[in-house]
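Assemble the complex: chain P is given as a structure, and chain Z must be docked to it using the hints.
Residue numbers (the numbering used here), protein chains in the order written: chain P, 1 to 109; chain Z, 1 to 238.
The reader is advised that the hints may include incorrect statements.
Claimed, not checked - Cut-off 25 Å, straight-line C-alpha distance, at most; resulting in silico cross-link-like pairs (DSS-like, lysine-lysine):
1. Z:Lys219 <-> P:Lys48
2. Z:Lys41 <-> P:Lys48
3. P:Lys79 <-> Z:Lys71
4. P:Lys79 <-> Z:Lys190
5. Z:Lys23 <-> P:Lys48
6. P:Lys48 <-> Z:Lys71
7. P:Lys86 <-> Z:Lys219
8. P:Lys48 <-> Z:Lys42
9. P:Lys48 <-> P:Lys95
10. Z:Lys71 <-> P:Lys35
11. Z:Lys219 <-> Z:Lys190
12. P:Lys40 <-> Z:Lys52
13. P:Lys79 <-> Z:Lys26
14. P:Lys63 <-> Z:Lys23
15. Z:Lys204 <-> P:Lys28
16. P:Lys35 <-> Z:Lys23
17. P:Lys48 <-> Z:Lys52
18. P:Lys40 <-> Z:Lys41
19. P:Lys79 <-> Z:Lys23
20. Z:Lys26 <-> P:Lys63
21. Z:Lys42 <-> P:Lys40
22. Z:Lys204 <-> P:Lys35
23. P:Lys79 <-> Z:Lys219
As the list claims (entries may be wrong) - Just a few of them, taken from the derived set where beta-carbon distance is under 7 Å, the chain P residues facing chain Z:
24. Lys28
25. Gly30
26. Tyr31
27. Gly42
28. Tyr45
29. Lys48
30. Glu49
31. Ala50
32. Gly76
33. Lys79
34. His92
Stated by the list, open to error - Reference excerpt, derived from the structure (chain Z facing chain P, CB under 7 Å, subset only):
35. Glu28
36. His31
37. Glu35
38. Lys52
39. Thr55
40. Glu56
In case anyone wonders, no lab produced these hints; they're calculated from the structure. Quick caveat: nothing in here was measured; it's all calculated off a predicted structure. Ideal Cβ placement from N, Cα and C applies to all residues, glycine included.
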Amino acid sequence: MSDKKISADLLRGHTDTIILKLLMEGDKYGYELAKQVTVKSGGEYELKEATLYASQRRLEREKAISSYWGDESQGGRRKYYYINTKGVEQFHINKQNWEYAKHILDELI
Amino acid sequence: MSAKLSKYLDVIFSPYEELPQIKELKEELSHDLQEKINDLKKEGHNEDEAFKRATESIGNIEELIEEINDKTRELQQLIGMDFSLSKLEDSDFASTDLSSGKFNYSDLKGSDFQYANLTQCVFKARNLENSKFSYANLTDCKITACNLKKANFDHCILKRTDFGKSSLAGVSFEAMTLDNVNFTYAGLKKTSFRNAILKNVCFKTKAGEAIFDGATMDKGTYALLKGYRADLKNVTIL
Chain P
1 MSDKKISADL LRGHTDTIIL KLLMEGDKYG YELAKQVTVK SGGEYELKEA TLYASQRRLE
61 REKAISSYWG DESQGGRRKY YYINTKGVEQ FHINKQNWEY AKHILDELI
Chain Z
1 MSAKLSKYLD VIFSPYEELP QIKELKEELS HDLQEKINDL KKEGHNEDEA FKRATESIGN
61 IEELIEEIND KTRELQQLIG MDFSLSKLED SDFASTDLSS GKFNYSDLKG SDFQYANLTQ
121 CVFKARNLEN SKFSYANLTD CKITACNLKK ANFDHCILKR TDFGKSSLAG VSFEAMTLDN
181 VNFTYAGLKK TSFRNAILKN VCFKTKAGEA IFDGATMDKG TYALLKGYRA DLKNVTIL
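Bound-form chain Z, shown alone:
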């Protein structure tokens, strides 16, 4: 494969976790594109023209990668649920001290963690859709590969919180302070950081559809977001 094509594909695939299914798609695409480029060259196009024509006609491949990504995540959460010893759906953990607790593979859909101390808690591959975390302390908490759609994080303490690989579509972090929070490979479709303060936040993910209007951030966070094509028109850099 040409170095140019290899680089081109790396850019497209970089915001996504290297799941086996996604790696396979990349391999398939790289082979097909290379052959297409070779054919175009045989037809008389030069290297650059051939590359341009081949890559322009791919269509919306990102949509497909995201679909594979979401499906795999859902599957992980389903498998997780099957092995869970307890179904904790709609449980009430409000105001409790759960620090350093582990909640791997339980279904916690719609649970209430308001005002709870979740310091150093580990939540992995779980369904936390519609859960309430308002006023909870999430310092050093790991909430990875979880479904957090429509979860509520109002007035939370977010310090060194890890949201890696979690789906946060439509979640609001408006006017909150996020300190050293990690969003690597997280789903941020319509996730709002409006008027939020972002300090050393890691956004190694597709950030194009997240909202950053009125946010304040440090240079490092800004540079990373810019690289992942976030809309940063109305932000303030510290």
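Just chain P, with the same shape it has in the complex:
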């Protein structure tokens, strides 16, 4: 139980990068992003709405991503997110940083 919590904390630190990666594959709305995280992690990691929305807002403020409202008539409007050039750059930097940290940790642990 506690092991899972530590892993979740570790993963949460990379929420921004995970979202950027998913948006590089195309525009998505919040629940779609959360669903992809669950599916891609084989059900091991569930992104909470609060974490997801906080990350979306942070990335929007940094101009890494932008959003627009869809025009669905049934079941309420969806808010879609798409990645900007700055977001793609940020993803690559984050990924490099992660690979670097992973390399060091692999040596140490």
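Okay, now just chain Z, sitting in the frame of chain P:
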């Protein structure tokens, strides 16, 4: 959207002002949750189970709403400052009669209003951080959407004073009498009403982190506070 979900979201969002950004968050959340509930139902969960599972995994959404709220308020105060004709930072208004004055959009950070008569004064969207109001008369005074962090209100007269939408984090109203004061959508994180007397005070805001130890209040104020989940263990009801 189901009536149950709509009601659930109304409860979460009710202590917050309907700022456009917060309304958008609510719309986004309601759509995402509804779709999540529909998916859970497709997986074989019944209506109640699906609702429970979907809402339990939201996480701390209130923290996010508060962050949006604070950011918007800061922005309002910044815009206000840009348009101000005068920067009145650290000004000294002590003991002056400023009744019915308007102080919209000025930066009054750290100003001194001690013993001043501020009856019917209007302060809107301004930065009043660290200001001193001790012994001032704030009867019918409107101090709305202001930053009042670390402001001092010792021995003030608070009658029909309107603190709507203002941030009062960490402010002390200890052992004071508050008569018909309005705190609608005010920020009351660690705001202390210890041993205060509260008469017809409107607390339509998130009151869970305010301190009410030893306070005395009328039934109406008590009922409202209870609804907004305030800690009312050691209070006396009139």
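For each hint, the structure was consulted:
no.: 1; hint: Z:Lys219 <-> P:Lys48; verdict: violated, 39 Å
no.: 2; hint: Z:Lys41 <-> P:Lys48; verdict: holds, 19 Å
no.: 3; hint: P:Lys79 <-> Z:Lys71; verdict: holds, 21 Å
no.: 4; hint: P:Lys79 <-> Z:Lys190; verdict: violated, 35 Å
no.: 5; hint: Z:Lys23 <-> P:Lys48; verdict: holds, 20 Å
no.: 6; hint: P:Lys48 <-> Z:Lys71; verdict: holds, 22 Å
no.: 7; hint: P:Lys86 <-> Z:Lys219; verdict: violated, 56 Å
no.: 8; hint: P:Lys48 <-> Z:Lys42; verdict: holds, 20 Å
no.: 9; hint: P:Lys48 <-> P:Lys95; verdict: holds, 22 Å
no.: 10; hint: Z:Lys71 <-> P:Lys35; verdict: violated, 29 Å
no.: 11; hint: Z:Lys219 <-> Z:Lys190; verdict: holds, 23 Å
no.: 12; hint: P:Lys40 <-> Z:Lys52; verdict: holds, 24 Å
no.: 13; hint: P:Lys79 <-> Z:Lys26; verdict: holds, 11 Å
no.: 14; hint: P:Lys63 <-> Z:Lys23; verdict: holds, 21 Å
no.: 15; hint: Z:Lys204 <-> P:Lys28; verdict: violated, 36 Å
no.: 16; hint: P:Lys35 <-> Z:Lys23; verdict: holds, 24 Å
no.: 17; hint: P:Lys48 <-> Z:Lys52; verdict: holds, 14 Å
no.: 18; hint: P:Lys40 <-> Z:Lys41; verdict: holds, 21 Å
no.: 19; hint: P:Lys79 <-> Z:Lys23; verdict: holds, 13 Å
no.: 20; hint: Z:Lys26 <-> P:Lys63; verdict: holds, 22 Å
no.: 21; hint: Z:Lys42 <-> P:Lys40; verdict: holds, 20 Å
no.: 22; hint: Z:Lys204 <-> P:Lys35; verdict: violated, 36 Å
no.: 23; hint: P:Lys79 <-> Z:Lys219; verdict: violated, 43 Å
no.: 24; hint: Lys28; verdict: violated, 11 Å
no.: 25; hint: Gly30; verdict: holds, 5 Å
no.: 26; hint: Tyr31; verdict: holds, 4 Å
no.: 27; hint: Gly42; verdict: violated, 16 Å
no.: 28; hint: Tyr45; verdict: violated, 12 Å
no.: 29; hint: Lys48; verdict: holds, 3 Å
no.: 30; hint: Glu49; verdict: holds, 5 Å
no.: 31; hint: Ala50; verdict: holds, 3 Å
no.: 32; hint: Gly76; verdict: holds, 4 Å
no.: 33; hint: Lys79; verdict: holds, 5 Å
no.: 34; hint: His92; verdict: violated, 28 Å
no.: 35; hint: Glu28; verdict: holds, 5 Å
no.: 36; hint: His31; verdict: holds, 4 Å
no.: 37; hint: Glu35; verdict: holds, 5 Å
no.: 38; hint: Lys52; verdict: violated, 15 Å
no.: 39; hint: Thr55; verdict: violated, 10 Å
no.: 40; hint: Glu56; verdict: violated, 10 Å
Of the numbered hints given earlier, the model fails hints 1, 4, 7, 10, 15, 22, 23, 24, 27, 28, 34, 38, 39, 40; all others are met.
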